[in-house]
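Q: Residues per chain are reported as follows:
There are 2 protein chains.
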Amino acid sequence: MEESQYPKTFRNAVNRLKDRANYDHETVHDIVDSASVLHVSFMPSRMDDDPFPTILPMLGGFGLYNAPGATESSPTTLYLHGHISSRFFKISSTSGKTTWEEDGLPGLPICVCATHMDGLVLALTPFNHSTNYRSAVIHGYATLVTDSAEKNYALHMITDNVLTDRWANSRVPPTEAEMKATGVIKVDIVSASAKVRAYTAGNDKADLEDPDVSGKIWTGVIPAFLKYETPVPAKENAVKEIPKYITQWIEEKNKQAEEYARTIASRAKK
Amino acid sequence: MEESQYPKTFRNAVNRLKDRANYDHETVHDIVDSASVLHVSFMPSRMDDDPFPTILPMLGGFGLYNAPGATESSPTTLYLHGHISSRFFKISSTSGKTTWEEDGLPGLPICVCATHMDGLVLALTPFNHSTNYRSAVIHGYATLVTDSAEKNYALHMITDNVLTDRWANSRVPPTEAEMKATGVIKVDIVSASAKVRAYTAGNDKADLEDPDVSGKIWTGVIPAFLKYETPVPAKENAVKEIPKYITQWIEEKNKQAEEYARTIASRAKK
Chain A
1 MEESQYPKTF RNAVNRLKDR ANYDHETVHD IVDSASVLHV SFMPSRMDDD PFPTILPMLG
61 GFGLYNAPGA TESSPTTLYL HGHISSRFFK ISSTSGKTTW EEDGLPGLPI CVCATHMDGL
121 VLALTPFNHS TNYRSAVIHG YATLVTDSAE KNYALHMITD NVLTDRWANS RVPPTEAEMK
181 ATGVIKVDIV SASAKVRAYT AGNDKADLED PDVSGKIWTG VIPAFLKYET PVPAKENAVK
241 EIPKYITQWI EEKNKQAEEY ARTIASRAKK
Chain B
1 MEESQYPKTF RNAVNRLKDR ANYDHETVHD IVDSASVLHV SFMPSRMDDD PFPTILPMLG
61 GFGLYNAPGA TESSPTTLYL HGHISSRFFK ISSTSGKTTW EEDGLPGLPI CVCATHMDGL
121 VLALTPFNHS TNYRSAVIHG YATLVTDSAE KNYALHMITD NVLTDRWANS RVPPTEAEMK
181 ATGVIKVDIV SASAKVRAYT AGNDKADLED PDVSGKIWTG VIPAFLKYET PVPAKENAVK
241 EIPKYITQWI EEKNKQAEEY ARTIASRAKK
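Going down the list, the sequences are from chains A and B.
Under the numbering used here, the residue at position 243 of the first sequence is numbered 243, and the numbers go up by one with no gaps.
Under the numbering used here, the residue at position 76 of the second sequence is numbered 76, and the numbers go up by one with no gaps.
By construction, these hints were calculated from the structure, which means they are not laboratory data.
Keep in mind that the hints are not guaranteed to be accurate.
Taking lysine-lysine pairs in the DSS-like style, the calculated list, with each CA pair at most 25 Å apart, reads [claimed, not checked]:
#: 1; chain 1: B; residue 1: K240; chain 2: A; residue 2: K205
#: 2; chain 1: B; residue 1: K240; chain 2: A; residue 2: K240
#: 3; chain 1: A; residue 1: K269; chain 2: A; residue 2: K18
#: 4; chain 1: A; residue 1: K269; chain 2: B; residue 2: K240
#: 5; chain 1: B; residue 1: K90; chain 2: A; residue 2: K8
Quick list of simulated restraints, FRET-style, between CB atoms [as the list claims (entries may be wrong)]:
#: 6; chain 1: A; residue 1: E236; chain 2: B; residue 2: G104; range: 32 to 40 Å
#: 7; chain 1: B; residue 1: D19; chain 2: A; residue 2: N66; range: 37 to 45 Å
#: 8; chain 1: B; residue 1: S86; chain 2: A; residue 2: T230; range: 52 to 60 Å
#: 9; chain 1: A; residue 1: D48; chain 2: B; residue 2: K244; range: 37 to 45 Å
#: 10; chain 1: B; residue 1: S45; chain 2: A; residue 2: E236; range: 46 to 54 Å
#: 11; chain 1: A; residue 1: D210; chain 2: B; residue 2: E241; range: 14 to 22 Å
#: 12; chain 1: A; residue 1: D165; chain 2: B; residue 2: S45; range: 41 to 49 Å
#: 13; chain 1: A; residue 1: S86; chain 2: B; residue 2: D48; range: 44 to 52 Å
#: 14; chain 1: B; residue 1: Q256; chain 2: A; residue 2: D48; range: 26 to 34 Å
#: 15; chain 1: B; residue 1: E241; chain 2: A; residue 2: T175; range: 31 to 39 Å
#: 16; chain 1: A; residue 1: T146; chain 2: B; residue 2: R87; range: 33 to 41 Å
Idealized CB from N, CA, C, for every residue including glycine.
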């Protein structure tokens, strides 16, 4: 079966270290959905007014809302969430004053990047040092979700993406005021790609053959992963035992992440 | 003693949740220097040609090169490094064809963001869910470092920033070919700010007073930190024992990160 892929364009084509590049939906979506934070970049002003893009750390995830006949490989939408009064939400909404509307664009052009740091790669020379990582870069048009059912769907999905089953295990549905104060952005994706480095240290032959170098310098990988610790209850918490869906999630998440980082640390380069 | 601060401008002023905002050098620099990865955003083309900014994950750190009389609180420079053939380095160099030169700017306008995820904040309602985090956002003009001594200084600093003392414990100095293939960017900072959330879950009175809510839903924080694991030697590694500067660094880094994440998880909101 052929994998569903994002089209390779001038915007997302990986030109260097092409063996690390990947365009299939599954790889991109996995990296984004399992990331603890997404970095979102956009131009707050016209370049003439202020030439700087900006970056916001945000939470989000991929979703498939109201797509009849959709399969797992159907193109999905990236949803982001935040407080409605933030600048990002103001300029994503169709207030009639946005520069992207004036320019005839279908939304605010943004870039979203998710990165996992999976290990420090210590080579014999600083030049060959590297990191094991997975990163996904997505370009798309951001607009504010106005349909309340879609907004509810996205908030449910994003909450469960942070911690499986948390939505059903919290006080839902949100009140009208809570829904009003929360903004959800949908991103129509125009291109996406992933880059993955997942193998042992690479060293030059000359360094390996020099006993003064290889005999003295340790080379290998320090695996790394985001570890979740034992939960710390709030002062007002009234539920004595930490629920199983939380402890199980932590256990599985840590196990998976640790295993991945350790496994790739000794893997040979393809 | 007054702390050195970045000036508050329209670009970096935190408008929401101002209690989380911070502009002093120390906070910003600590967040950036201890981050495992930096996200760098820039406009690869003119907006008319392509309206999308892009993001690259990179390594870097703050440095003070050749600044006579400089003190710890002197304005420092942010250095980033990567392979010279990447698009970012091409458009940061003064090839005479860059759009920023045509526009009379002193460098490529970029934004750099460093984020630490320190914990998942589980409130009674999805709306009050949050994360403990530290993030720094920097705006500045990027140019390629051409002075070879400064480049050497920056590479040394960035390598040791990844792992203390690694530079001196690897095959240095780099060869001429290695230096040629490596690009170092310096960022002249025009604004910078940090945002930090570092406390327990916040809940609404109405939810806490409703036994159907507070009696059933666990609320608190799941601390999180980037954990470094036992190093995995490369197949060709010839140094039997893992050197102490590596094992000590891992131990200290993990201890510090874990303690921070756990301590703030039970801290009250100021």
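Q: All hints are to be evaluated individually against the structure, with a verdict given for each.
A: Structure-based check of each hint:
| no. | hint | verdict |
| --- | --- | --- |
| 1 | K240(B) / K205(A) | 20 Å, holds |
| 2 | K240(B) / K240(A) | 48 Å, violated |
| 3 | K269(A) / K18(A) | 13 Å, holds |
| 4 | K269(A) / K240(B) | 22 Å, holds |
| 5 | K90(B) / K8(A) | 21 Å, holds |
| 6 | E236(A) / G104(B): 32 to 40 Å | 57 Å, violated |
| 7 | D19(B) / N66(A): 37 to 45 Å | 39 Å, holds |
| 8 | S86(B) / T230(A): 52 to 60 Å | 41 Å, violated |
| 9 | D48(A) / K244(B): 37 to 45 Å | 55 Å, violated |
| 10 | S45(B) / E236(A): 46 to 54 Å | 52 Å, holds |
| 11 | D210(A) / E241(B): 14 to 22 Å | 20 Å, holds |
| 12 | D165(A) / S45(B): 41 to 49 Å | 43 Å, holds |
| 13 | S86(A) / D48(B): 44 to 52 Å | 27 Å, violated |
| 14 | Q256(B) / D48(A): 26 to 34 Å | 45 Å, violated |
| 15 | E241(B) / T175(A): 31 to 39 Å | 60 Å, violated |
| 16 | T146(A) / R87(B): 33 to 41 Å | 36 Å, holds |
The structure fails to meet hints 2, 6, 8, 9, 13, 14 and 15 from the earlier list, while all remaining hints are met.
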